[in-house]
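A.B. asks: Chain residues, written in single-letter form:
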Amino acid sequence: MSSPCRRSVSLAVLAVLALAACDREEREPRGAPVGESGPQAIAQGSLYAGEPSPPDPRRQEYEGNAYHLAQGKQLYVWFNCNGCHSNGGGDIGPPLMDDTWIYGDSLENIFATIVQGRPNGMPSFRNKIPETQIWEIAAYVRSMSGQTPTAASPGRNDSLNAKPAEQRAPKAEPKQSNPGGPQVEGRQ
Amino acid sequence: MDVTRVCRTGAVFAMTMALLAAAPALAQDTAPTKAVPAPAASPPDDGAWAMPAKNYASTRYSELDEINAGTVRDLQVAFTFSTGVDRGQEAAPLVVGNTMYIVTPYPNRLFALDLTQPGAPVTWTFEPKPAASAQGVACCDFINRGVAFADGRVFMNTLDGQTIAVEAGTGREVWRTKLGDINKGETITMAPLVVKGKVLVGNSGGEFGVRGWLTALDAGTGKIAWKAYNTGPDSDVLIGPDYKPFYDKEKGKDLGVTTWPPNAWEIGGGTVWGWIAYDPELDLIYHGTANPGPWNPEQRPGDNKWTGGIFARNPDTGQARWFYQVVPHDLYDHDAINELILLDMPVNGTMRKTVVRPERNGYIYVLDRATGEVLSADPYAYINSSTGVDLKTGILAMVEAKAPKMGKVVRDICPTAPGSKDWNPSSFSPRTGLLYIPHMNLCMDWQSAEANYIAGTPYVGAEVRMFAGPGGHRGELSAWDPVKRAKAWSVKEDFPLWSGTLSTAGDLVFYGTMEGWFKALDARTGEELWRFKTGSGIIGQPIAYRGPDGREYVAVLSGVGGWAGAVVVGNLDPRDATAAKGFVNAVADLKDKTTKGGTLYVFALPSKR
Amino acid sequence: MTARLAAPSPSPAGRGRDPCAALGEAKLRLPPAQALLARKAWEGEGKVFPRNLALTLPLCGPLPLPPGAGEGAAPWRRAALALCPLALSACQGIQSALDPAGHQSGRIAGLWWLFLAVLAAIYALVLVLLLIAAFRSRRRRSLPPGPAFRPEEPTERRLTRGLTAWAVGTAAIVLTLTGFSYAVDRDILALGHRAELTIEVTAKQWWWQVKYDDPVPNRSFETANEIRLPVGVPVRVVLKSQDVIHSFWVPNLHGKTDLIPGRVNETVIVADREGRYRGQCAEFCGFQHANMALDVVAMPREQFDAWRESQLAPASAPSDDRSREGQRVFLTSACVMCHTVRGTTAASRVGPDLTHVAARPSLAAGTLPYSKGNLAGWIADPQRIKPGSQMPVVDLSADQLQSVLAYLDGLK
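Residue numbers (the numbering used here), protein chains in the order written: chain A, 1 to 188; chain B, 189 to 797; chain C, 798 to 1209.
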């Protein structure tokens, strides 16, 4: 084989190898099967009897997935979350882009807050939003304070660009309370 | 003024009474050059402060003049009282007899303070215990704008939509009527007004897709006497044979239905969370109606009657007499609920019975309060979103380039959504003939978005960010001459003014700033004569009263909050320019200047005994 | 499947047969759990449920019947037709630019045929010349080798003249065609001044929100995925988008116009004859771009006015216990988060307005023809029928699903 030919063959092989990275992003539009129940490991404090419960495996599934985060961002607007929390800066409800979490900062805690509502004005969305979508919204809420992998966080805003997109949000390490177990899973 | 201290109080009192007796006579005899409050709606001052607006004419003017330009320098704190609630204190304290009544934001505690004792100890406390969830549907901090006193009872509204009558002497509940449903987004934040044995109450929730109303409750029993909706068919709006508006644009059958897309009026807003005035002579109440919902105007083509206007109604039946829509098809959340001041004044040479309204859209409207005719509408602040009002048709000419569009950022709109001036009321001094308007100098960028109505959640459809207007100052206190239709003087403030003003016969104007300064200005020149730094920002309504000891007192609640102070009370994050519907962007530095609070401050001259 | 649609007007004569019956149906099978739910719902209504919930997709339109076919057309045309039925399959039907039903599309089709004829002639000419040249060059190669080629004066002149003529001819043809194109454009736009009706179409992923404007605001109303037009009346269509760029195209009526976020575009359409047409998003807009269609129905003025009145009314109140229960489920479940049913507290605008959903020809933006069974399948598992669509799988029991079906099916 002549050398130009060898070169082109090796180039082709390299190109094929490079294409291996072009794997399509995983999308699961249907989400959880009907009848699935919510998270088990919700705690409102950081003190446990015995060993802490393991974190919910859905953290990885939802927080690390750009599709879910983007869907969450859209649903956050559609279901009027922005009416009370603005683009994370807060209004009637508390800010979501800072390091203060009243009812817990973990994905499970945020899920529970959306489903159950909270006594001082957070409405309950029980039976109103399918579980998959609540996970997506909860994951997006965590992206607002930079808790999700940068590569997966939304990279742009559709509105008047009130603040840099979540991808550029500095990570605000949650303070005050840290329910949901040790900080190992689901964080980058 | 070299009389002895013992004599002085008496002398002042006598002088005041004499002046009072003379004032109306003077106004009638000499050629009218000055505005005077509607006589029937502004009885002589008895030293009390029984309703937040002082009187039915809403002058917020005290005829006490012990504290005046000469003595104000010595003004000092007489006593303070912590309300224990650290959200925005927008209420006016009331003083009747020897008792002061103050109401807090949610949880709407009502305190009666005994003014005869040193330090004014608490006589009783009334806890209405409203639903905590109501906090989630209160658009702009869970404030309360005050209570009303009549016939030995104190009438209060709670955030979760109840009106309660409390016996003034004992603090015992007499009746309570549930009027609003928080699951539809209804709250009540306004101060009730008692007129002819009826308690007038309106709802809040224009940002939640509620249907606005004003209702009259029997003061004795709490039963609903009438309820007038501000959208929907004429029978719901209480428009009948008595309805005779001045302009053709307000005429037609069922305009509350036909000026909306189908069924949109059911969630169309038009709440009544602001001020009501009453003219006993014409026997008409005047109230404004708030913004249509949602904010996104493209979702509600049409004039959106009867939102964004002023109603005159019969207090006994609620039947409408006239209506003037200040902002047809409102583009910018310009609720027309600001204070309505009833003044008699010369307009083009003839004496007219008018109602004066410094409007959110930046114009000060003078209307004939018998007919609803607009006599003048002059800008008192910087405006670039409209060009003026045609007095023949009553139509406000808007600037097309500044109209919000879906999917577009429209930049630099002045004034903003809270307007040139929001709810915080002006005062009027018959001595100077000037109106003291606390207002703002802000502009905004706006992007409309599709609003989704989901009951119990916000229904807005707009993203807004506000910033300081031309000149860079964010607040301003203007003294306006309604006869000359011009500004007499104005004082610039760094932060937006969110407190009311008080004027007194001592030719002083009192107001508070969001940093916490309580200031007294010379009512004629605007020169600052005195200031005091309170514990938190002031967004309340100052009052003046004569204490049981005969001395003049000035009282104000200090405690930042409201829409303007949301950044502090909600600990909001200024990195998001749209936080608190864009207001945070305009006052991002407020967190560095003040903190939450909730304290009553009462000032008096030193007794020196 | 088009024949099953509740078309208000019968299809024009000559297009009576349903080709899809011959071509077969595309069937979708629901997963067992969802199918069970749908089946329960169906059988609760006292109807026999099909063995598998088969959903018929409108994969094809009526059989292609080119203009003039069967009406004594020239034999050569018949022959051409016999040879290439597939190539011409787009020449007629509910979604064909070559079967114009409106002024605009008529002009565009005329232009298209003109271009086709002229360009085909030129193409043929070029091919012929090419063949001649090829033939001549082969002949020359067979000559014995001689002195180097030197063009003589007359040859040179002839060549120059010929080439000049060729260039001028080309330019003339291009300019003429441009002129025609421009004239057609002008003509199409001129319609705008005569528009009597304004419709606002907002594209969303992946469906069409349609708003009928009226000077009296409460005579405006909203529908979704269907446009009805009075025949012969120019209609201004205001085009907006809420998310990405889409393109509005009803080939039988008009040319494509893009819908761009933050911009308002306009086009004018007029239907010259009654009929049902199919519109389609013509700009790739994401996962379900292909299933973003809309039904266009051109009807006589009186019928249109009657339809308009029926659309203005709020949703009919549920009449029996089953649909009353359905309304309760609708208003207390996830449905209320996205949909509007005028006359109830449901007024969200994320998804299509359902006030008169049962009166529409299709479901899910032309994905399924409307039928109660298809509605059941769609609600039970929208992600199977239209993966990635914004309609989520909602956790409803069989009983709830059946009630909701009864309620929605009553929203005529």
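In short, the hints are calculated from the structure, not lab data.
Remember, it's a predicted structure, so these values are computed and weren't measured experimentally.
Note that the Cβ used here is the ideal one computed from N, Cα and C, for glycine as well.
Just to be clear, a hint being listed does not mean it is correct.
[Stated by the list, open to error] Keeping only pairs whose Cα atoms sit at most 30 Å apart, straight-line, the calculated BS3-like set for lysine-lysine is:
(1) K441/B <-> K596/B
(2) K1209/C <-> K593/B
(3) K175/A <-> K784/B
[What the hints assert, rightly or not] Here chain B is said to cover these stretches of chain A; the calculated rule only asks that three of the stretch's residues, wherever they fall, bring their Cβ under 8 Å from a Cβ of chain B:
(4) 61–73
(5) 91–99
(6) 118–126
[Unchecked claim] Cβ-to-Cβ under 7 Å is the rule here; a few derived chain B residues that face chain A:
(7) P316
(8) V597
(9) V598
(10) T620
(11) G621
(12) I642
(13) G644
(14) E651
(15) L760
(16) R763
(17) D764
(18) V772
(19) A776
(20) D777
A.B. asks: Going back to the hint list, which numbers does this structure go against?
C.D. replies: 1, 2, 4, 7, 9, 10, 11, 19, 20
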